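**Q** Sequence:
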Amino acid sequence: MRRASALPDLVPEDSLPNVDEDQFRPIDLQALLDVPRSIQKPRVLMLYGSLREWSYSRLATEEAARILRRLGAEVRIYNPSGLPLPDSTSADHAKVQELRDLSIWSEAQVWCTPERHGSMTGVMKAQIDWLPLSAGGVRTTQGRTLAVMQVSGGSQSFNAVNQLRILGRWMRMVTIPNQSSVAKAFNEFDEAGRMKPSPYYNRIVDVMEELMKFTLLLRDRSAYLTDRYSERVESAEEVARRVNQRSI
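First residue of the sequence shown? That's 1 in our numbering, and the numbers climb one at a time after it.
Some clues are possibly wrong.
Under the rule of at most 30 Å between Cα atoms (straight-line distance), these lysine-lysine pairs were calculated in the BS3-like manner [stated by the list, open to error]:
hint: 1; residue 1: Lys-95; residue 2: Lys-41
hint: 2; residue 1: Lys-41; residue 2: Lys-125
hint: 3; residue 1: Lys-95; residue 2: Lys-125
hint: 4; residue 1: Lys-184; residue 2: Lys-41
hint: 5; residue 1: Lys-196; residue 2: Lys-213
hint: 6; residue 1: Lys-184; residue 2: Lys-196
Label-pair restraints from in silico Cβ distances [as the list claims (entries may be wrong)]:
hint: 7; residue 1: Ser-155; residue 2: Leu-29; range: 46 to 54 Å
hint: 8; residue 1: Val-205; residue 2: Arg-76; range: 27 to 35 Å
hint: 9; residue 1: Ala-31; residue 2: Gly-154; range: 31 to 39 Å
hint: 10; residue 1: Leu-29; residue 2: Asp-87; range: 39 to 47 Å
hint: 11; residue 1: Ser-15; residue 2: Ala-183; range: 50 to 58 Å
hint: 12; residue 1: Asn-187; residue 2: Lys-213; range: 27 to 35 Å
hint: 13; residue 1: Arg-241; residue 2: Asp-14; range: 25 to 33 Å
Treat the hints as calculated values from the structure; they're not laboratory data.
On a predicted model such as this, the values are computed, not experimentally measured, just so you know.
We put the beta carbon where it would ideally sit given N, CA and C, even for glycine.
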């Protein structure tokens, strides 16, 4: 590996002796600002965190999906019913493969969970836990935009959306600033399962608008935005080891 030249006696303030100069690259403004624009509808995967027949997280997700479709998105909602617990079976399980394929298909995701005992539900966490950072060299979540939502049976809380934000960051997703938390969700839907007019509904519209804007801004740029110096160094080292092994 080629490193920066040896330090002189007087170290310049901006020297980078620990940097691999082959992998350290200037910011590519063309890759950021002048890229061909995709014209297909933004692809949005939506996950919800309850198996109940009358699920407020599902109803909120379906309401958000209607807004996204009106804004021009192609939307798919994953049904978690039948998804096994993480590590209880192999990743070849049909429901696991369906979830992973949808995640790879997506450009953006919406995660909506009930708050239970001050946290997201196990159903929600299981879906996220089945999504690997990498599968067969393909990133299943990296670079996707993410919106987070929660519904509560009591007063308004942000515990679950805060946890979802942590997970989104861990999954290397671009989590948008806005979020939705619907308090006393049993009061917010009519008998047909449609959300009533309210500030909570307006906030969901806000969040879906913002998700679409960020998705359109980042599309065709996400690979460059998530390209990492540390991973370039690691990849170069792996290639070097492989080549050296073959030459032995």
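**Q** Between Lys-184 and Lys-196, is the straight-line Cα distance small enough, at 30 Å or below?
**A** Status holds; Cα separation ~13 Å.
**Q** Is 31 to 39 Å right for how far apart the beta carbons of Ala-31 and Gly-154 are?
**A** 47 Å, violated
**Q** Using the Cβ atoms, figure out if Leu-29 sits within 39 to 47 Å of Asp-87.
**A** 44 Å, holds
**Q** Do Ser-155 and Leu-29 keep their Cβ atoms within the hinted range of 46 to 54 Å?
**A** Given a distance of about 47 Å, which is inside 46 to 54 Å, the answer is holds.
**Q** When you check the alpha-carbon spacing of Lys-95 and Lys-125, does it fall within 30 Å?
**A** Given that 30 Å is the threshold and the Cα spacing comes to 15 Å, the pair holds.
**Q** Decide if the proposed pair is consistent with the structure: Lys-41 and Lys-125, CA atoms, cutoff 30 Å inclusive.
**A** 28 Å, holds
**Q** If you draw a straight line from the CA of Lys-95 to the CA of Lys-41, is it 30 Å or shorter?
**A** OK: Lys-95 and Lys-41 at ~25 Å, within 30 Å.
**Q** Between Lys-196 and Lys-213, does the CA-CA distance stay at or below 30 Å?
**A** 25 Å, holds
**Q** Just tell me: holds or violated, for the beta carbon distance of Asn-187 and Lys-213 against 27 to 35 Å?
**A** 30 Å, holds
**Q** Measure nothing beyond the straight line between the CA atoms of Lys-184 and Lys-41; if it is 30 Å or shorter, mark the hint as holding.
**A** Roughly 34 Å separates the two Cα atoms, so the pair is violated.
**Q** Go ahead and decide if the range 25 to 33 Å is satisfied by the Cβ distance of Arg-241 to Asp-14.
**A** 32 Å, holds
**Q** For the range 27 to 35 Å, tell me whether the beta carbons of Val-205 and Arg-76 fit it or not.
**A** 20 Å Cβ-Cβ, so the 27 to 35 Å window is violated.
Checked against the numbered hints given earlier, the structure breaks hints 4, 8, 9 and satisfies all the rest.
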